[in-house]
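K.L.:
Residue-level listing of the chains:
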Amino acid sequence: MGNDDLAINVEGLTKRFNGLLAVSNLALQVRRGEIYGFLGPNGSGKTTTIRMLCGLLTPDGGRGTCLGYDVIRETRQIKRQVGYMTQRFSLYEDLSIRENLDFTARIYGMGNRRQAVDSALERLGLADRRNQLAGTLSGGWKQRLALAACMLHEPRLLLLDEPTAGVDPKARRDFWDEIHRLAGEGITVLVSTHYMDEAERCNRLAYIAYGTLLARGTVAEVVKDSGIVTWMAECADLYALGSQLRGQPGVSQVVPFGNVLHVSGTDAALLERAIAPFRAQAGCRWTPIQPGLEDVFIQMMEKARDNV
Amino acid sequence: MSDRFVWYRFWAVVTKEFIQMRRDRLTFAMMVGIPLIQLMLFGFAINADPKELPAAVLSADHSEFSRSFVRALENSGYFKVTAQPSTEAEAERLIAEGDVQFVVNIPENFARKLQRGERPAILVEADATDPTATGNAVGALSQLAQTALDHDLRGALQPLQGKPAPFEVRIHRRYNPEGITQYNIVPGLMGVILTMTMIMQTGLAMTRERERGTMENLLATPVRPFEVMAGKIVPYIMVGYIQVTLILLAARFVFNVPMLGNVALLYGVVLAFIAANLAVGLMFSTVAKNQMQAMQMTFFFFLPSMLLSGFMFPFRGMPEWAQNIGSVLPLTHFLRMVRGILLKGNGLAETLPHLWPIGLFLLTVVAIGLKRYRKTLD
Ligand SMILES: Nc1ncnc2c1ncn2[C@@H]1O[C@H](COP(=O)(O)OP(=O)(O)OP(=O)(O)O)[C@@H](O)[C@H]1O
Ligand SMILES: [Mg+2]
Numbered sequence: 001m002g003n004d005d006l007a008i009n010v011e012g013l014t015k016r017f018n019g020l021l022a023v024s025n026l027a028l029q030v031r032r033g034e035i036y037g038f039l040g041p042n043g044s045g046k047t048t049t050i051r052m053l054c055g056l057l058t059p060d061g062g063r064g065t066c067l068g069y070d071v072i073r074e075t076r077q078i079k080r081q082v083g084y085m086t087q088r089f090s091l092y093e094d095l096s097i098r099e100n101l102d103f104t105a106r107i108y109g110m111g112n113r114r115q116a117v118d119s120a121l122e123r124l125g126l127a128d129r130r131n132q133l134a135g136t137l138s139g140g141w142k143q144r145l146a147l148a149a150c151m152l153h154e155p156r157l158l159l160l161d162e163p164t165a166g167v168d169p170k171a172r173r174d175f176w177d178e179i180h181r182l183a184g185e186g187i188t189v190l191v192s193t194h195y196m197d198e199a200e201r202c203n204r205l206a207y208i209a210y211g212t213l214l215a216r217g218t219v220a221e222v223v224k225d226s227g228i229v230t231w232m233a234e235c236a237d238l239y240a241l242g243s244q245l246r247g248q249p250g251v252s253q254v255v256p257f258g259n260v261l262h263v264s265g266t267d268a269a270l271l272e273r274a275i276a277p278f279r280a281q282a283g284c285r286w287t288p289i290q291p292g293l294e295d296v297f298i299q300m301m302e303k304a305r306d307n308v
Numbered sequence: 001m002s003d004r005f006v007w008y009r010f011w012a013v014v015t016k017e018f019i020q021m022r023r024d025r026l027t028f029a030m031m032v033g034i035p036l037i038q039l040m041l042f043g044f045a046i047n048a049d050p051k052e053l054p055a056a057v058l059s060a061d062h063s064e065f066s067r068s069f070v071r072a073l074e075n076s077g078y079f080k081v082t083a084q085p086s087t088e089a090e091a092e093r094l095i096a097e098g099d100v101q102f103v104v105n106i107p108e109n110f111a112r113k114l115q116r117g118e119r120p121a122i123l124v125e126a127d128a129t130d131p132t133a134t135g136n137a138v139g140a141l142s143q144l145a146q147t148a149l150d151h152d153l154r155g156a157l158q159p160l161q162g163k164p165a166p167f168e169v170r171i172h173r174r175y176n177p178e179g180i181t182q183y184n185i186v187p188g189l190m191g192v193i194l195t196m197t198m199i200m201q202t203g204l205a206m207t208r209e210r211e212r213g214t215m216e217n218l219l220a221t222p223v224r225p226f227e228v229m230a231g232k233i234v235p236y237i238m239v240g241y242i243q244v245t246l247i248l249l250a251a252r253f254v255f256n257v258p259m260l261g262n263v264a265l266l267y268g269v270v271l272a273f274i275a276a277n278l279a280v281g282l283m284f285s286t287v288a289k290n291q292m293q294a295m296q297m298t299f300f301f302f303l304p305s306m307l308l309s310g311f312m313f314p315f316r317g318m319p320e321w322a323q324n325i326g327s328v329l330p331l332t333h334f335l336r337m338v339r340g341i342l343l344k345g346n347g348l349a350e351t352l353p354h355l356w357p358i359g360l361f362l363l364t365v366v367a368i369g370l371k372r373y374r375k376t377l378d
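Sequences listed follow chains A and B, in order.
Each residue of the first sequence is one higher than the one before, counting from 1 in my numbering.
Each residue of the second sequence is one higher than the one before, counting from 1 in my numbering.
The set of hints was computed from the structure by calculation and includes no laboratory data.
Careful: at least some of the hints might be erroneous.
Unchecked claim - Computed, partial: chain A to chain B, Cβ under 7 Å:
#1 L57
#2 T86
#3 S90
#4 Y92
#5 G109
As the list claims (entries may be wrong) - Listing some non-contacts, in silico: residues in chain A with all C-beta distances to chain B over 10 Å:
#6 T14
#7 N42
#8 G242
#9 R279
Only a predicted model underlies this, so the values are computations on that prediction, with no experimental measurement involved.
Where is the CB? At the ideal position from N, CA and C, for every residue including glycine.
Given the sequences, and given the hints that come with them, work out the whole structure.
P.N.:
Okay, structure coming up:
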């Protein structure tokens, strides 16, 4: 794959805070026009990585390019073409919605400022609240405003740090439709999220824990590479079954999903041996299923913790 | 190509700052209100023409002439005899402890020498720690010598009347020989008020962005440090000029401060001073971690400015090391410029020697600020 096809291409990215590793030797390749999911538990280094990609933090080690520009030396060029949505609301609370957008448009020197701001307001559905102070918006609306602001200058790469946290399902769906539309136009999107359904909407994704990249690829690849086997049990007394299974050799996760139980492990033979006594139980039905992303991630997270 | 100052980004910051300033009504009101309140407090407290100042009379001569002089003192309205000490030590204690503002020493044989036309001297010791408080009273003293005894000098003594006065009043300013006049205070206040409000406002400007998290957004845009700094300075320059105008109006119409020089020149040179203070504030805010620290740094700078600039104490009365520190501070030079222009009618030529140190200070501080401005979140 040529370098030109990659919007983000970094390797060895490392960041320490007061001697503690926040991101360790991270490599990331994101193709142009791709929606790339960035997942990982709290404190795993997602925000730190994104900040290093857009020049807000200087990496302690590593190198690479973002939109073809060097992530260490050419941060100014990168900033001009990247839209970064911060995890924490970082627009001016004492400026109105319109003033915030207007400020952003001015900073990027947009020629058609008025028009760009107006159409962004239209698209947001905030046209009639344009003069409301940003600080008085509800949490979800703040997110949507921040998103509109970071897309205003028509960036080629969007770095979105948990853009849908606290956003209602309908707005989330609208947001993802918008993301897919933008990707169709050739815009690259790197989006961090804690939602599994969002992860599944990404073309590819990376999973990071304790600053280390643990898995990457399409959803199917990640699931396959994880080597996890999952059985689904439908039983009368799920609670009793669950507590009996937990701690058995070969059983790494027992997770209730409504009226069924997902039982997973990394060693298929060991897992089958562990569940064998329960498969004969009356009123129980066991079926092997495709493990979900969540099972995979929790599995990886626990394994990573054991290694730390 | 990309690393140059760009006007539109600079204007973006300016516009934003103006809007935020307008939103923050209380702060804006304080910036206009503080000069007025301070002027009224300091201006009147310091500049009021104090009357009936306590005085001790140490008289070694009990003649009618002495009594007439003391009566004349009281009639002038400026003095009130509150003590008649009998020894010098007692008089010394009175003035040292601040019980009296003046000690009037009438020498032995005052009457006899006076009658012989020997022009004896009355020594008036003035406590000039607060020179503005004694200034007018001291002024009245010299008049007194002329007229105090007119009533007593009759008949044969008639020729002693008139010029030169029949006796001499020697004034001994104690504790503060330099004696600043009241007109110094109001122009000085202009500098002090500008120093405080300008540094504080910009000192908070950048730390506020950092504390509220908006810095992350700002840093992710292509905006350059100088554009941010300049954009934050400009709106406050306007506020500074509002303050200057208010103070000048009050100086002219409330305190009757003479304005001998060119006010336009004053408006011109004040720009350098305002910019210097704003730059100090911005530099502080690039160093301070939060708004509280920025506030403390403001006072850290404000106090020496107040004490070592010649505002509180006469500049030449300070030890050399203090003068050296004072010479670096913009307020020191600003005070000289303002007093020079307003009170002495100085023009540009006399003002320039005090302008360039401010310019130098400004450049240095901007350079430090730009160096300290963090382009990343590290
Ligand atoms: N400025 C900083 N100073 C010190 N430590 C920091 C700083 N920023 C981040 N860290 C640490 O680096 C680690 C990674 O943090 P980061 O914010 O990147 O996690 P994250 O994956 O974005 O988490 P979340 O999902 O909760 O947003 C954490 O342990 C955090 O405490
Ligand atoms: Mg984060």
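K.L.:
Please go over all the hints and tell whether each is borne out by the structure.
P.N.:
A quick look at each hint next to the structure:
1. L57: Because about 6 Å separates A/L57 from the closest Cβ in chain B, which is inside the 7 Å limit, the hint holds.
2. T86: Holds, about 5 Å.
3. S90: Holds. Min distance 4 Å.
4. Y92: Holds - the Cβ of A/Y92 comes within 7 Å of chain B, reaching about 6 Å at its closest.
5. G109: Where the cut-off is 7 Å and the nearest Cβ of chain B is about 5 Å from A/G109, the hint holds.
6. T14: The claim holds: A/T14 sits with its nearest Cβ about 13 Å from chain B, beyond 10 Å.
7. N42: holds, 18 Å
8. G242: holds, 42 Å
9. R279: Holds, because the least Cβ-Cβ distance between A/R279 and chain B comes to about 54 Å, which exceeds 10 Å.
Every hint, counting from the list given before, is met by this structure.
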